[in-house]
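*Asks:* Listed below are the residues making up each chain.
Protein chains: 2
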Amino acid sequence: MSVNDSTRVGETAADLAAVAALLEVAEELGISPLLDRPEPFTVEDVAEATAAPQRNCAEFVRALEAAGLVDRIDDSPRFRPCAGMADRRYESGYLSWAMNANRPYIEHALEFLRDPEAAGEKYDRDGRWVAVSSRWVGSQGFYPHAFSQIVDARPAKVADLGAGAGGLLVHLLRTLPDATGTAIDMSAAACAEARRAAERAGVADRLDVVNRSIESLVADPAPLRDADVVHAGFVMHDVVSDPGTFLAVLRTCREVTAEGCRLIVTDAVPYAATARERAFSSLFTYLHASSMDIRLPAEEEWTDLFRRAGYTDVRCTAHRMPTGRMFVASG
Amino acid sequence: MSVNDSTRVGETAADLAAVAALLEVAEELGISPLLDRPEPFTVEDVAEATAAPQRNCAEFVRALEAAGLVDRIDDSPRFRPCAGMADRRYESGYLSWAMNANRPYIEHALEFLRDPEAAGEKYDRDGRWVAVSSRWVGSQGFYPHAFSQIVDARPAKVADLGAGAGGLLVHLLRTLPDATGTAIDMSAAACAEARRAAERAGVADRLDVVNRSIESLVADPAPLRDADVVHAGFVMHDVVSDPGTFLAVLRTCREVTAEGCRLIVTDAVPYAATARERAFSSLFTYLHASSMDIRLPAEEEWTDLFRRAGYTDVRCTAHRMPTGRMFVASG
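Residue numbers (my numbering), protein chains in the order written: chain A, 1 to 331; chain B, 1 to 331.
Simulated from the structure, these hints should not be mistaken for lab results.
Any given hint could be a false lead.
Below, in silico cross-link-like pairs of lysine to aspartate or glutamate (DMTMM-like), each with a Cα-Cα straight-line distance of 25 Å or less [stated by the list, open to error]:
1. Lys122(B) x Asp242(B)
2. Lys157(B) x Glu111(B)
3. Lys122(A) x Glu107(A)
4. Lys157(A) x Asp228(A)
5. Lys122(A) x Glu59(B)
6. Lys157(A) x Asp115(A)
7. Lys122(A) x Asp242(A)
8. Lys157(A) x Asp205(A)
9. Lys122(A) x Asp124(B)
10. Lys122(B) x Asp126(A)
11. Lys157(A) x Glu44(A)
12. Lys122(B) x Glu59(A)
13. Lys122(A) x Asp238(A)
14. Lys122(A) x Glu107(B)
15. Lys122(B) x Asp238(B)
16. Lys157(B) x Glu59(B)
17. Lys122(B) x Glu107(A)
18. Lys157(B) x Glu107(B)
19. Lys122(B) x Glu111(B)
20. Lys122(A) x Glu259(B)
21. Lys122(A) x Asp226(B)
22. Lys122(A) x Asp293(A)
23. Lys122(B) x Glu107(B)
24. Lys122(B) x Asp124(A)
25. Lys157(A) x Asp126(A)
26. Lys157(B) x Asp208(B)
27. Lys157(B) x Glu259(B)
Now the stretches of chain A that chain B is said to cover, found in silico as 3 or more residues with beta-carbon under 8 Å [unchecked claim]:
28. 25 to 36
29. 110 to 122
30. 159 to 167
31. 205 to 215
C-beta atoms are modelled at their ideal positions from N, C-alpha and C, and glycine is treated no differently.
Model the full structure from these sequences, guided by the hints.
*Replies:* Spelled out as structure tokens, the structure:
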């Protein structure tokens, strides 16, 4: 081979694409847990988890090793995730969200462009990949910032709107041994998953799971009562298109909760223009507008809505995820 | 907003994912040609090409501009592709190939792991996205290296095995005004497309299009007769699993062509281990083995096969595309 390898620049796009595809294969095989824990695993572990022939599993583990995603421990048959696995998963989250979770919007882009309403009724995203890719992005993109903000408030009770499978609340209840939590989500499947996660983590006695919509809290705000922190991650933008309802939800959050309660909202702003954010922000904004009929409020519009609901102190910080913002409202 | 933007590192994965998704949307809308030419375009051009409402087209053009993929010309309603469009398309090719063209292999990874043969009969890739993503990767990943190698040989006749839609031959015939070409492909649809491309480019009188398999050249080698260059891009690995047939094809290429004819093969090696190549090479190797039943020969195995077919001078160089190699056989 006559080309000197060291004279060439890296192939970042090829690297990121290959790693994301291999991590998606691992996710489909159900072996992501083996890659997210420090304990070593073997080809036999993969064969057991997948009920597949061992030689096929050996080929996949070989591919993970060749790609630098797992390392063989000395000359043993044991492997462990590479030191950078958490970063690889975070990076892969963007590729998986953009290229896979949104696949129906890309594949049927022409129909969405011609008649968004009709296309929106025909095509829906795969909720599992939306959740998985959001979790991968969130692992460094917004989750740690929101988590530390909540822990800093030392809450006795946390309510999470759009709590999904309860990951944030379970993590919080394990970190704050005296706190209680309420998970509110309109998906019955997500609520069932949250109950199971709480059982597994041994915090089920401190977690209430409520299968309801955010809007329903206006008429019956019991789940919010006495909360010191109300958190809402990427759910407020589903309500914000109806300002009357949105303001009623915010007022409820402010009025029925404990004295000094903080409302912590992780959401997005449209077309963030910084060099670091513009490309992803553009895709995020466009897909929400064109395919999900969601117009994201600008930063000042979000802030204004919180103030109109009665909050006197509203702060906005940027999440690491481009276009992501955290609003902390209190007072 | 309290976070200082300049203190943060770039979000390369988010950038690449967003750009690839936006370029895939543009491809689905049929407006890639507007992004690949220097002439400006308007929202009206997009509306005309897509038969979609102008305000929806304006939103998409706004997204392309916000992402930095197109620039507005002064304050006019005209836009032109960004200076880096060719690089963006090349990078996006890796994401599109890995995450989109291979989607069935990822989505059904568990079935492929358990029973590759049965899964292989059930699931097939979308040939259009395989072709589009390969063209995007090839634009910088292997096409220029192969093109210049062929032009350097100053051939009077070029035969292209697995010529697809004829892109390489049409480009060659426009560059070499006295040369003739023969496109050989087993897909009738690709052959029809190659004929149309030759008509459009005004080279149809110098291009023969032959709808046949590579293997059939052993029994009837007429299309190869008198060629000065025989090119084969990513098709030899489909034949190589049957060494008898493969050697017969190579011997035919050597024996019926013009004196001094060069055989130029662009293909891949398994598990290339350099830091620049390992991740993409691993995915490429794994998907071919696990989902397409193709075991790629190592570099020395390729070289040995060329020599066994009678070639005395065999050189291998690396393509820019990780895991890609160009073999030039003569003598």
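*Asks:* Hint by hint, say whether it matches the structure.
*Replies:* These are the hints, each one checked on the structure:
no.: 1; hint: Lys122(B) x Asp242(B); result: holds, 24 Å
no.: 2; hint: Lys157(B) x Glu111(B); result: violated, 46 Å
no.: 3; hint: Lys122(A) x Glu107(A); result: holds, 12 Å
no.: 4; hint: Lys157(A) x Asp228(A); result: holds, 5 Å
no.: 5; hint: Lys122(A) x Glu59(B); result: holds, 21 Å
no.: 6; hint: Lys157(A) x Asp115(A); result: violated, 45 Å
no.: 7; hint: Lys122(A) x Asp242(A); result: holds, 24 Å
no.: 8; hint: Lys157(A) x Asp205(A); result: holds, 13 Å
no.: 9; hint: Lys122(A) x Asp124(B); result: holds, 24 Å
no.: 10; hint: Lys122(B) x Asp126(A); result: holds, 21 Å
no.: 11; hint: Lys157(A) x Glu44(A); result: violated, 44 Å
no.: 12; hint: Lys122(B) x Glu59(A); result: holds, 21 Å
no.: 13; hint: Lys122(A) x Asp238(A); result: holds, 19 Å
no.: 14; hint: Lys122(A) x Glu107(B); result: holds, 21 Å
no.: 15; hint: Lys122(B) x Asp238(B); result: holds, 19 Å
no.: 16; hint: Lys157(B) x Glu59(B); result: violated, 48 Å
no.: 17; hint: Lys122(B) x Glu107(A); result: holds, 21 Å
no.: 18; hint: Lys157(B) x Glu107(B); result: violated, 43 Å
no.: 19; hint: Lys122(B) x Glu111(B); result: holds, 10 Å
no.: 20; hint: Lys122(A) x Glu259(B); result: violated, 60 Å
no.: 21; hint: Lys122(A) x Asp226(B); result: violated, 55 Å
no.: 22; hint: Lys122(A) x Asp293(A); result: holds, 14 Å
no.: 23; hint: Lys122(B) x Glu107(B); result: holds, 12 Å
no.: 24; hint: Lys122(B) x Asp124(A); result: holds, 24 Å
no.: 25; hint: Lys157(A) x Asp126(A); result: violated, 33 Å
no.: 26; hint: Lys157(B) x Asp208(B); result: holds, 11 Å
no.: 27; hint: Lys157(B) x Glu259(B); result: holds, 12 Å
no.: 28; hint: 25 to 36; result: holds (count 4)
no.: 29; hint: 110 to 122; result: holds (count 4)
no.: 30; hint: 159 to 167; result: violated (count 0)
no.: 31; hint: 205 to 215; result: violated (count 0)
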